[in-house]
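Undergrad: Residue numbers (UniProt numbering), protein chains in the order written: chain A, 1 to 303; chain B, 1 to 157.
Worth flagging that the hints you see were computed from the coordinates, not collected in a lab. The C-beta atom is built at its ideal place from N, Cα and C for all residues, glycine as well. Some hints could be false.
[What the hints assert, rightly or not] To spell it out: a stretch of chain B is covered by chain A in this simulated footprint if at least three of its residues, at any positions, have a beta carbon under 8 Å from a beta carbon of chain A; those stretches are:
# : segment
1 : 40-50
2 : 65-72
3 : 99-106
4 : 128-134
Residues per chain are reported as follows:
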Amino acid sequence: MQAFDFVAPTSVDEAISALAAGGGRARPLSGGTDLIAQLQEGRLALDTVVDLKRIPELMAISISGDGLTLGASVACHSINANQAIRDAYPALIDSTHLIGGTQIQGRASIGGNLCNSSPAADSIPNLIAHSVTCHIAGPNGRRSVAAEDFCTGPGRNVLGTGEFLVALEFPTPPANFGAAYLRFIPRNEMDIAVVGAGSSVVLSDDKSTIQSARVSLGAVAPTPLFVEEAGDALAGQPVSEESLAKAADLAKAAARPISDMRGTIPQRKHLSAVLTQRTLRIAIDRARGTNTVDELGRLNGHG
Amino acid sequence: MAKKIAVETTLNGEETIFLCEPRQTLLEALRDNLGLIGSKEGCGNGNCGACNVILDGVLVNSCLVLAPEVEGRSVVTIEGIAEDGQLHPLQQKFLEHASLQCGICTPGFIVSAKALLDDNADPSEHDVRLWLAGNLCRCTGYDKIVRAVLDVAENDA
Numbered sequence: 001m002q003a004f005d006f007v008a009p010t011s012v013d014e015a016i017s018a019l020a021a022g023g024g025r026a027r028p029l030s031g032g033t034d035l036i037a038q039l040q041e042g043r044l045a046l047d048t049v050v051d052l053k054r055i056p057e058l059m060a061i062s063i064s065g066d067g068l069t070l071g072a073s074v075a076c077h078s079i080n081a082n083q084a085i086r087d088a089y090p091a092l093i094d095s096t097h098l099i100g101g102t103q104i105q106g107r108a109s110i111g112g113n114l115c116n117s118s119p120a121a122d123s124i125p126n127l128i129a130h131s132v133t134c135h136i137a138g139p140n141g142r143r144s145v146a147a148e149d150f151c152t153g154p155g156r157n158v159l160g161t162g163e164f165l166v167a168l169e170f171p172t173p174p175a176n177f178g179a180a181y182l183r184f185i186p187r188n189e190m191d192i193a194v195v196g197a198g199s200s201v202v203l204s205d206d207k208s209t210i211q212s213a214r215v216s217l218g219a220v221a222p223t224p225l226f227v228e229e230a231g232d233a234l235a236g237q238p239v240s241e242e243s244l245a246k247a248a249d250l251a252k253a254a255a256r257p258i259s260d261m262r263g264t265i266p267q268r269k270h271l272s273a274v275l276t277q278r279t280l281r282i283a284i285d286r287a288r289g290t291n292t293v294d295e296l297g298r299l300n301g302h303g
Numbered sequence: 001m002a003k004k005i006a007v008e009t010t011l012n013g014e015e016t017i018f019l020c021e022p023r024q025t026l027l028e029a030l031r032d033n034l035g036l037i038g039s040k041e042g043c044g045n046g047n048c049g050a051c052n053v054i055l056d057g058v059l060v061n062s063c064l065v066l067a068p069e070v071e072g073r074s075v076v077t078i079e080g081i082a083e084d085g086q087l088h089p090l091q092q093k094f095l096e097h098a099s100l101q102c103g104i105c106t107p108g109f110i111v112s113a114k115a116l117l118d119d120n121a122d123p124s125e126h127d128v129r130l131w132l133a134g135n136l137c138r139c140t141g142y143d144k145i146v147r148a149v150l151d152v153a154e155n156d157a
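Modelling step: build the complete structure from the supplied sequences, incorporating the hints.
TA: Encoded structure:
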């Protein structure tokens, strides 16, 4: 690797100063599973690497009445090991279990996955489905953006020079809320999504009607895609295969994938519908708190 | 060139200070600066697991850690797995099951398996295979490795 300086600030303000001093040639480091690999390959040339993992706010997991605040540098491993997150946000674990193998999960963070801004990132559709707010710090102070507005292109996002992600805020799940993330890969583990889908639902108190829903897709556009119309089409609809099929069709219509080594346009369009429907079924299942999805992923007794 | 940094860390249970360049990975520092050549470089980008070490109790690829990051942390490498001159049960069972051929991947597998058994003393075969999914071996076909790990778990349980 080319030479660079290394600093490990212990506060957000120190990190802002360190990144400002480095201008465009300083970058924050969390788990390093993308950044260090890019430095190794010479795809990135830096003067300064700013390790954020000594900053308590970046490493904090806090669950309160306002929801979950997840420090941007918290590793997947720490999320997987946190029973309170597993109980309240099971869909988040869908992503943290999928990102790399055990040793990658020991380092990789959800914040880093978001800031790497891959269109195929396994956490981002999930963040969108959960209505996550991204808290950013930088030389001009702090600001917040919605997860669906964070990425602007492949490897590109709203972070300006010297800005970095501090935390992700998950709102408290409303009553009868459920969410899920699934991806398609042509093997069992350790691959990049051909298509990913994250969905969430809020059901009525009798759990027979969908009050609201959010659907998001990965790897079918230059950025993770928020398919607002698919969720809107589910609002007020009964929990039925027909309702889910309509949302799946809208997701398929919204997908605008490319053909590449991982998949073709028709395959990705098809997968967008299939995964949307499957994640909605699991989300409904979780919202009901009962196991109503059979082993083929079909909603029992609902069409 | 950036100035060398002195890094204080607990390495295989011993307080250690080493000098490194900020651009060096932990794997490079272990091998080139500290002479601990048990950790191997397979891919150098986090795909193969041959360089795995345990950092503050968590399994990581040492090729994807910058050496200065381990300041004040605890690192366990393959050299720290055996105790009191006795092979660790994992090392013994890898020998008994012939779980290695060329041996390049072996340190990484043993460190990964150690982290697994520290986390879960009674893993299923599925647990073992999933945990070791980030370790690549081009010789054995994995089966003998999985059997060795399960054998250790069964005998310790």
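Undergrad: Output the indices of the hints that this structure fails to meet, ascending.
TA: Number 3 only.
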